[in-house]
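One letter stands for each residue in the lines below.
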Amino acid sequence: MIELQGVHARVGSFRLADIHVAIGPGDCHVIVGPTGSGKTFLLETLIGLRPMEAGTIRIHGQDVTGLPPNQRQISYVPQDICLFPTLTVRQNIQFGLDLRPRFDSQDLAFVGRLVDFLRLSAILDRYPRNLSGGERQRVALARALATKPALLVLDEPFSAIDHSLREEIRRMIKDLLEEFKTTTLIVTHDLDEAFFLGDRISIILGGRIVQSGPRDEMYYHPKSLPAAEFLGIRNLFAGRVEQLAQHEITISSPDLERTFTVPCRCAHKRFTAGQAIRFGIRSEAVHILRHQPTPEDSRLVFGARVRRVFVRGTMHTLIVELGTPRPVTVEIDLHDAAMRKLGVTLGAALQVSLNPRHIFLLPEPA
Amino acid sequence: MNNGFRRLTILTAWALFAFFGVLILSLSGFVTPARLVAVATSPRVLFSMKISVGAAMLATLLSLAVAIPTGYALSRFEFFGKRAIDLALEIPMVVTPVALGALLLMFFNTRLGELIQQSRISFVFEFPGIVLAQFVTTVGIATRMLKTTFDEIPARYEAVACTLGATPAQAFRLVTLPMAVPGILAATVLTFAKCIGEFGATIMLAGSMPMKTETLPISIFMRLSGADVEGMAVLILILLGVGLSSLALVKSLIRRSYD
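Sequence order for the protein chains is U and E. For the first sequence, this note's numbering gives the first residue as 1, with consecutive numbering after it. For the second sequence, this note's numbering gives the first residue as 367, with consecutive numbering after it.
One chain only, chain U, in its complex shape:
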């Protein structure tokens, strides 16, 4: 278990405040945040390159807070990969082992396994300047894992790689982490990468972790407005808590002019009756209905009209205006095939539904 407890650090006027992260053995934890949110600074603090003002870092129960980077057993692959240019691929990979007074045949066998897994045997005698972006990334991963670190840390692992290679490297990293059961911490600004690789995800904004949790929970249930906005959720509306039950909450929305009930765990702990809130729903969770809803249908159904269509490859984002007295727009993500099947075109009239099960609730920011 890797634990960061109450970590505070400062560089210039920027502060990391009260960082708590716990990474289970073999887990991949992703810290995602926009540029300048303190991701790399946090990694550098964890590795021991930056001093901490307060807090504790524990690796398998051992307090490593005061240890220098070479004694922490944390391997680091920086954004710009940093293969040692004067060493061959083989020397790069064995760099950590060569520093040890001795290493045995098991260590070498492990390196051999890494080399085979990452398909590096044909390039072992090459220098980094003769490698492609993907090869460099694979060598950096082999070098970092060769010492069997307690924690592997990757800083924006795809930023130095061509877009065409990213998917391949992503899958390779996922397979690698599963094969070698390496406890990993990744920082990235890319949400796709975060949700592809992370078992658990933390969102960092302005030097603070605003939310941490399992991947699916993070995806569908952001717990604060900044987190929801960072996750790219644009279907956000004003609301008010009308009634609270143990596992559900009744909301009235002046935007949608509806009152509805949403399932919510521990509703009474998070909200109070009469509280102003925001609620939201992901654009892919807004559905277009092919048939008129039945009276038993618990979904929120609205008449709507398509106002704009943005095409992104096979995906389309529709901006639809709901038929509410006050004009409200909702975004819907739809696959190309679904667009054709439903006959959706610009200006078309539709029936759209918002499933309360996919609605998440956020406290109104102070």
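Calculated directly from the structure, the hints in this document are not laboratory data. Relax, there's no trap hidden among the hints.
Interface residues of chain U toward chain E, partial, derived using beta-carbon atoms under 7 Å:
hint: 1; residue: N70
hint: 2; residue: S75
hint: 3; residue: Y76
hint: 4; residue: C82
hint: 5; residue: G96
For glycine and all other residues, C-beta sits at the position ideal for the given N, C-alpha and C.
Guided by the hints, dock chain E onto chain U, whose structure is given.
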């Protein structure tokens, strides 16, 4: 790119080359092959060549030995007095070599200087004085060049090495230093070239004693003082030969280290 502008820049480069070419060619009127051989093989000139190259090599090594750690510290760390040290590096560039030599001479007239003189190594009017004078005039430039070299190598390489188990000293020796080789070689070239042509500080501290402290530049000055223009021209050619061939050698080493 605009053709006229391109031509103008290339013309400037050729004009500069022609200027130095004309200067060197002007020597031909004063040098005959027989005179060249006679002067170049004279014991006094051979001695001058020997101490010029020897002192320049020693001073270059000394400069690098100081410039590498100093340049690294200035590049990587924040510490008390960093700005003052950075400013001190400019002293050899803003103070003329003659003044630097005079400073050294005055230092050896202080109590501390006399104490040093009375110890094993004597500097004033001695060979170590030549090395010291060349060292003082070049160490600032060498440090400045090496600081720039280390600035260009991201500290992240060392961070990665440390996470793989290297101590900071091992990270420097195994990662940063090999990456700095082209910069170190470039600093070596410039330092050596400046050392071999050093005159002002050397003559002030080591004097101009034939067969003792007479380096090639001092020898040239002595020939001019004695109105031996032909001898001076031969010595200039020798100095050019020694200097340019040393530079060519080190540059080829740099090229090889890049390949």
